[in-house]
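S.K.: Here is what each chain is made of, one letter per residue.
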Amino acid sequence: MKCEKCQQREASVYLNQTLNNETKEVHLCEVCAKENEGILFNDGLSFQQFLSGLLKNNKSPQIKSVDLTCSKCGMTFGDFKSNSKVGCAHCYKVFDTHIQPIVKRLQGSLYHTGKRPSKLNQKIQLQNKMETYESNLKIALMKEDYEQAAVIRDLIKDLKKEAEL
Amino acid sequence: MKKWYDLESETYHGVVISSRVRLARNLVDYTFPNRMDDEGANHVIDKTRKAIETTKETLTSFFEYVAMNRINQVDKIAMMEKHIISPQFVKVKMPASLILSKDEAISIMINEEDHIRIQSMAGGMNLEKALEEANHIDDLFEEALDYAFDDKLGYLTACPTNLGTGLRASYMIHVPALETTGQLQFILEAIGKFGLTVRGIYGEGTEAQGSVFQISNQVTLGQTEYEIIDNLTSVTKQIIEQELIVRHKLLKDKRKFFEDAVYRSYGILSHARMITSKEAMRLLSDLKVGIELGVIETVDNKSINIYNLMAKIQPANLQIIYNKDLDLNERDSARADYIRDHLPRLIGG
Ligand SMILES: [Zn+2]
Ligand SMILES: [Zn+2]
Chain P
7 MKCEKCQQRE ASVYLNQTLN NETKEVHLCE VCAKENEGIL FNDGLSFQQF
57 LSGLLKNNKS PQIKSVDLTC SKCGMTFGDF KSNSKVGCAH CYKVFDTHIQ
107 PIVKRLQGSL YHTGKRPSKL NQKIQLQNKM ETYESNLKIA LMKEDYEQAA
157 VIRDLIKDLK KEAEL
Chain W
824 MKKWYDLESE TYHGVVISSR VRLARNLVDY TFPNRMDDEG ANHVIDKTRK
874 AIETTKETLT SFFEYVAMNR INQVDKIAMM EKHIISPQFV KVKMPASLIL
924 SKDEAISIMI NEEDHIRIQS MAGGMNLEKA LEEANHIDDL FEEALDYAFD
974 DKLGYLTACP TNLGTGLRAS YMIHVPALET TGQLQFILEA IGKFGLTVRG
1024 IYGEGTEAQG SVFQISNQVT LGQTEYEIID NLTSVTKQII EQELIVRHKL
1074 LKDKRKFFED AVYRSYGILS HARMITSKEA MRLLSDLKVG IELGVIETVD
1124 NKSINIYNLM AKIQPANLQI IYNKDLDLNE RDSARADYIR DHLPRLIGG
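Chains as they are written, first to last, in the working numbering: chain P, 7 to 171; chain W, 824 to 1172.
Incorrect hints may have been included.
[Claimed, not checked] FRET-style restraints, in silico, Cβ to Cβ:
id : chain 1 : residue 1 : chain 2 : residue 2 : range
1  : P       : Tyr117    : W       : Glu1064   : 49 to 59 Å
2  : P       : Gly80     : W       : Ala967    : 46 to 56 Å
3  : W       : Asp974    : P       : Arg15     : 52 to 62 Å
4  : W       : Thr1020   : P       : Glu10     : 12 to 22 Å
5  : W       : Ile894    : P       : Lys99     : 32 to 42 Å
6  : W       : Asp974    : P       : Gly80     : 38 to 48 Å
7  : P       : Lys149    : W       : Glu1050   : 42 to 52 Å
8  : P       : Gln154    : W       : Asp974    : 39 to 49 Å
9  : P       : Lys129    : W       : Leu830    : 33 to 43 Å
None of these hints come from the bench; they were simulated from the model. Built from N, CA and C at the ideal position, the CB exists for glycine as well.
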């Protein structure tokens, strides 16, 4: 992706900026991002400071997230950074890409391989099956294999019944 | 009912005192305790209690329920000294409760840092058994409650250091030989590479007393529960082996000095009229290893139940045993009395 300001260099810095309660992501190259740090952008948007420390030496895109707020518990990413606890399960979704490098550094991994709640596990398995069927259905339709498509539709119907049980 | 620490277990010549696992769980429909109001906290208490009471198993008579805001501070600290609850749980201000099995092996803290903290203890080297017990309680909760779980990150916890399995497994070990010869220091430095950590007996930042340490896993995500336990166990077994080698070397090279130290420790413990917990722990540690190496012989070949004794000589437990407030001097005196009454008797002594 090209930098949104100079339209020349590759964008490597992603910033969240808030204007009129709307948050949008801006993609800039490192040069433009540095130039605009802390000053008003020409269209009146204000930049936050860069997330320092943890993400500083990372080659991957830098992410700025002061205004990220969990809609369920009201916790901001700043709150999380100062007391190192999230406020609810939903926070992990909201802070997703921002919290990942921290988890990775603490745990050395981002993928759980241990125990799963059996109830949830069944749900996830059904979901995965459903996704596979749906993509198979698309392929069948694309190939105009209507016989196969009908078979898959029946499978989906059965699966939906199973899910409701 | 006998407490878990009164039962026989494989201790590897006394080096492994106990095994403990803790599972952290949260309910998906409530904000975590750090963002929860009293109403939410009470809901979580009710829901978890109902979950235990409505299971098909007859668990109700096996557990007691303790409303934490109805008991006094000394009782809370006494439970912490016995490792039934965490130091953090003593300080919780919002409605919180404890579900405790009668043998004290299972304790479930509701509204600690996470909604549910299931703790399971076993004597000696017995992590698998402790994990099985904790998993069993976890399964019962899961039948009735909706956990916060993510397909990738696993069990979601308030602090990212507990994500994934939510499992903290630990051994409490007694390693006086490694500590006196300074070898423990090297081991502690190497241990971080295995994703493990070593702490004093009352957790992070606390001092080790009587050469008793806790070794536990630091990483909770990316490994299965059994991988975590296997890793911890194999490292601990190497520490045990080293401890036993150094013990026998000390015994061979310096038997007279060693005998002298053990008998002196027994002498003070059996005659002192005032003793601090730090001194008591040091002397009990000497005596324990002396008995285990056969340097000093006790009636019925009895060693000392260090786990129980260690807890009972802490400040809050002493106040409960003697049923009154004790100042510093009175505590040292009560501690000396208690130890004299509970020391094993020597053959011909
Ligand atoms: Zn640019
Ligand atoms: Zn939240």
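S.K.: Run every hint past the structure and note whether it holds.
M.R.: Taking the hints in turn, this is what the structure says about them:
Between tyrosine 117 of chain P and glutamate 1064 of chain W the CB atoms are about 34 Å apart, so this pair departs from the stated range of 49 to 59 Å. Look at glycine 80 of chain P against alanine 967 of chain W: about 28 Å separates their beta carbons, and that is not inside 46 to 56 Å. In this structure the hint that aspartate 974 of chain W and arginine 15 of chain P lie 52 to 62 Å apart at CB is violated, the actual value being about 37 Å. The hinted window of 12 to 22 Å between threonine 1020 of chain W and glutamate 10 of chain P is violated, with their beta carbons roughly 45 Å apart.
Isoleucine 894 of chain W and lysine 99 of chain P have their C-beta atoms about 38 Å apart, which keeps the hinted 32 to 42 Å range intact. Taking the beta carbon of each, aspartate 974 of chain W and glycine 80 of chain P are about 25 Å apart, not inside 38 to 48 Å as hinted. At about 44 Å, the CB distance of lysine 149 of chain P to glutamate 1050 of chain W agrees with the hint of 42 to 52 Å. For the hinted restraint 39 to 49 Å between glutamine 154 of chain P and aspartate 974 of chain W, the CB-CB distance of approximately 29 Å leaves it violated.
A C-beta distance of roughly 40 Å is found between lysine 129 of chain P and leucine 830 of chain W, which places it inside the suggested range of 33 to 43 Å.
Hint violations for this structure: numbers 1, 2, 3, 4, 6, 8, all remaining hints satisfied.
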